[in-house]
Every structure is written in structure tokens, then in C-alpha cells.
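2 protein chains.
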Amino acid sequence: MPHDSHSKPQTGPALNAAQARALGALQAAGRPLTAYEVLDALREDQPRAAPPTAYRALRRLIDLGLVHRLESLNAYTPCVHEHDAADAGASQATLFAICDDCGNVREITDAPLARRMRQLAEEGAFTPASTIIEMHGRCGGCASEGGA
Amino acid sequence: MPHDSHSKPQTGPALNAAQARALGALQAAGRPLTAYEVLDALREDQPRAAPPTAYRALRRLIDLGLVHRLESLNAYTPCVHEHDAADAGASQATLFAICDDCGNVREITDAPLARRMRQLAEEGAFTPASTIIEMHGRCGGCASEGGA
DNA sequence: GAGACGAATGTTATATTGTAACCGCTGAGC
DNA sequence: GCTCAGCGGTTACAATATAACATTCGTCTC
Ligand SMILES: [Zn+2]
Ligand SMILES: [Zn+2]
Ligand SMILES: [Zn+2]
Ligand SMILES: [Zn+2]
Chain A
64 MPHDSHSKPQ
74 TGPALNAAQA
84 RALGALQAAG
94 RPLTAYEVLD
104 ALREDQPRAA
114 PPTAYRALRR
124 LIDLGLVHRL
134 ESLNAYTPCV
144 HEHDAADAGA
154 SQATLFAICD
164 DCGNVREITD
174 APLARRMRQL
184 AEEGAFTPAS
194 TIIEMHGRCG
204 GCASEGGA
Chain B
64 MPHDSHSKPQ
74 TGPALNAAQA
84 RALGALQAAG
94 RPLTAYEVLD
104 ALREDQPRAA
114 PPTAYRALRR
124 LIDLGLVHRL
134 ESLNAYTPCV
144 HEHDAADAGA
154 SQATLFAICD
164 DCGNVREITD
174 APLARRMRQL
184 AEEGAFTPAS
194 TIIEMHGRCG
204 GCASEGGA
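Protein chains in written order, with the working numbering: chain A, 64 to 211; chain B, 64 to 211.
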């Protein structure tokens, strides 16, 4: 199979088969997937795929700003924003609200939050390259269901 | 050796030998340690210690608010504040500024940041239980040294 | 077109991080 | 003394991630 690099340069920046499959699996899942769950998805196309294939695809998707890694879960989730790929995390501060009950993840960007983070970094003579903010807790839906 | 639970209830909340050793190692290191590095330290006392010993000690220290886990490094660092143990991360927002050059970690708590995080959670009907904020980048020292 | 080269991907093996499950001691209560 | 619960030790293994090498494929040169 040839690269599909030439097929649609306008839709996205040249995803190969594994990368497209991984992104699709993440978008379809509705919850964060681990690297090995993504690997299972890749194996529907390429039954002999091994861990590095999944990790490479995920790394690429992250570099493109299409996917985020949730450090506190060792899992990956598709981005719902339009990040500036080169700038993921520095000027934007992306907050993930992770429900520990249902697994739902919401991605939030907030300018005041980002401003305050930049200011704190500056006060400490720190030059941020990337930032992760992960809030664990309970989402509204789960709070009203399991009320107690 | 008996538990030292009874020896000094006023200094700290009953650390056993492994816990005290782990905390000492983390404080002496000057940089975050992985669980297996802590395990190596424990083995100076108990040469046959196994991973669960280190993980249990670290879990206990984290529950007591004496140690933090850095999710983005899979590593552990001693707390430099006086956290309310039960409340680690909910009302306080602790930010870690991690230098990717020298490995130095600075722990920062900031009330405006915490306020903004609480507000964002509330707007999204989210009830936070714990929050991690980890900023990667370059500290002032490294920036002036390796200037280029 | 043949051959040399380099980038990307496939493949194997292994490193790192973390936990389940069971065992045995010890101390409290009876 | 006996029982039992809880803690910590121990074994074994699971889950996450990467190093290192082999192969493929496009491209450039001649
Ligand atoms: Zn995003
Ligand atoms: Zn929920
Ligand atoms: Zn702290
Ligand atoms: Zn530094």
C-alpha cells in the first residue's frame, strides 16, 4: 500500500493508515483509550501490529495536536479544539476534567487560567514548554444519578 | 523491630521504618525519584524488600500529604508545604514546575489559580477530588547557563 | 535501469512501572 | 492460651513503554 500522503493534503497533514485508524478509534470510543487498546484497533487492519506501531501513531497524532495524552490515566483522548500544534500547552492551558465514575473527559481551555499560569511561570523565571492540568472528580451526570 | 507508631505521635503521624526511609531518600535526593529508586533506598535497610514495599510506603506518604506523585514523570517528590492531608488538590491547587534540563522541581501553590480552577469546575457542574498541574520547561538557572 | 542512500515502518526483544494474591507475623481482645 | 484482624513480606505477574535491529520503499545519481 502506498502512502496516502498525496491524497488529501488539505483535510489533514498526511496521516498514514495507522495514524488515521488510531484517531478514528479514539474518536469512536467516547472515552480515553490506553495505547494497547489503540493497538487492538490497529490490529483490525494489521493483525501483526506491535506496540511500537501504536506508540508511533499516537506520538505523531499528539505532535499534530490531534490527540492528548492523559498522564494520570496513561491514556489518550482525541482533541476537541483547534490547537496550534507547535504551541500545545505553552500559551494555551488545557484542562481535562476526568470523571472517575463514568470515565467521561471534558477538555476545557480558559484564557484567565492560562494567563495566571504564565504569570506564575514568569515570576519564577521559568520558561514553560508544555503544561498538563488534569482534574479528577465527579461529573454532573454522575453526581445527580448516584446522588448519595 | 516493633512499630514505631508509639514513639513520636507529635512529630508525625506514625511512620514505620520503610516510610521514614522512603521519605528521607526523597528529601535527600534533591530531585524526583522513581518508585524503584526509592526501593533501592529501602534495600539499604532491608535488602530483600520488593516493589510492593516501596509502593505501599509511597502511597502512605502521599495519603499523609508528605509526598506528591508527578504523573508526567512517574516519579515522586517530597512536599515542601503543609497541605491539609485530606484535601490534597481539591481546594488547593499545587503546581509543579519541572525543569527538563536539570530535573529540578518547584512546588507552587497559588490562591488565584486555585480559585479559577474551582470556578471552572463549578461552571461545568464538576466536583473535583484532586488536581494535578505539571508544567514542563526550563528553569531560570538552566536558561542563563545554556543561554543559546 | 542499476545501485546507493535515507526515511519510515515492521519486528523482536526487553525495560520500566505497577499490582494481585497469598503468607506469616504480631498484637489486641477474649 | 486461642482467635482473629491488620499489616507488611513475598512471589508472581500484569500493564506500560522503548531500544535495537531488519525490512521496505521512494529517491537520487549515474
Ligand atoms: Zn485539545
Ligand atoms: Zn461521570
Ligand atoms: Zn505539597
Ligand atoms: Zn533547570
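None of these hints come from the bench; they were simulated from the model. Please read all numbers here as calculations on a predicted model, not as lab measurements. Check before you lean on any hint, since a few could be wrong.
The following label-pair restraints were derived from C-beta to C-beta distances [to be verified]:
1. ASP164(A) / ALA174(B): 26 to 32 Å
2. ALA80(B) / ALA83(A): 52 to 58 Å
3. ALA83(A) / GLY166(B): 51 to 57 Å
4. HIS144(B) / ALA77(A): 43 to 49 Å
5. GLN90(A) / ALA174(B): 36 to 42 Å
Footprint (simulated), chain A over chain B, 3 or more residues, beta carbon under 8 Å [what the hints assert, rightly or not]:
6. 92 to 102
7. 160 to 172
8. 191 to 199
Facing chain A, according to a computed beta carbon distance under 10 Å, are these residues of chain B, among others [said to hold, decoys possible]:
9. ILE125
10. GLU134
11. SER135
12. LEU136
13. ASN137
14. ALA156
15. PRO175
16. LEU176
17. GLY204
18. CYS205
19. ALA206
20. SER207
Even glycine gets a Cβ: it sits at the ideal position worked out from N, Cα and C.
Each hint, compared with the structure:
1. As the Cβ distance of ASP164(A) to ALA174(B) is approximately 29 Å, the hint placing it in 26 to 32 Å holds.
2. For the pair ALA80(B) and ALA83(A), the beta carbons lie near 54 Å from each other, so the given range of 52 to 58 Å is met.
3. Restraint check, ALA83(A) to GLY166(B): a C-beta distance of roughly 37 Å breaks the suggested window 51 to 57 Å.
4. Remark: the range hint 43 to 49 Å for HIS144(B) to ALA77(A) is upheld by a beta-carbon distance near 47 Å.
5. Range check, GLN90(A) to ALA174(B): about 38 Å between beta-carbon atoms, so the 36 to 42 Å window is met.
6. Counting residues of the segment 92 to 102 of chain B whose CB lies closer than 8 Å to any CB of chain A gives 0, so the stated coverage by that chain is violated, three being the minimum.
7. Remark: the segment 160 to 172 of chain B is confirmed as covered by chain A, as 5 of its residues place a Cβ nearer than 8 Å to a Cβ of that chain, reaching the required three.
8. Chain A is given as covering the segment 191 to 199 of chain B, and this holds because 9 residues of the stretch bring a CB closer than 8 Å to a CB of that chain, at least three being needed.
9. The closest approach between the C-beta of ILE125(B) and any C-beta of chain A is roughly 13 Å, which is over the 10 Å cut-off, so the hint fails.
10. Hint status for GLU134(B): holds, given a least beta-carbon distance of 4 Å to chain A, under 10 Å.
11. For SER135(B), the interface hint holds, since its Cβ comes within 10 Å of a Cβ in chain A; the closest pair sits about 5 Å apart.
12. Below 10 Å, beta-carbon pairs count as interface contacts, and LEU136(B) has one with chain A at about 9 Å; its hint therefore holds.
13. Hint status for ASN137(B) relative to chain A: holds, with the closest Cβ pair at about 9 Å, below 10 Å.
14. Among the interface hints, the one on ALA156(B) holds; its C-beta lies about 9 Å from the nearest C-beta in chain A, closer than the 10 Å criterion.
15. Here the hint on PRO175(B) is kept, as its CB sits about 6 Å from the closest CB of chain A, short of 10 Å.
16. Because the beta carbon of LEU176(B) sits about 5 Å from the nearest beta carbon in chain A, less than 10 Å, this interface hint is met.
17. For GLY204(B), the interface hint holds, the least distance from its beta-carbon to any beta-carbon of chain A being 8 Å, beneath 10 Å.
18. Here the hint on CYS205(B) is kept, as its CB sits about 9 Å from the closest CB of chain A, short of 10 Å.
19. The restraint placing ALA206(B) at the interface with chain A holds, with a minimum CB-CB distance near 6 Å, inside the 10 Å limit.
20. The criterion of a C-beta within 10 Å of any C-beta in chain A is met by SER207(B), whose closest approach is roughly 9 Å, and the hint holds.
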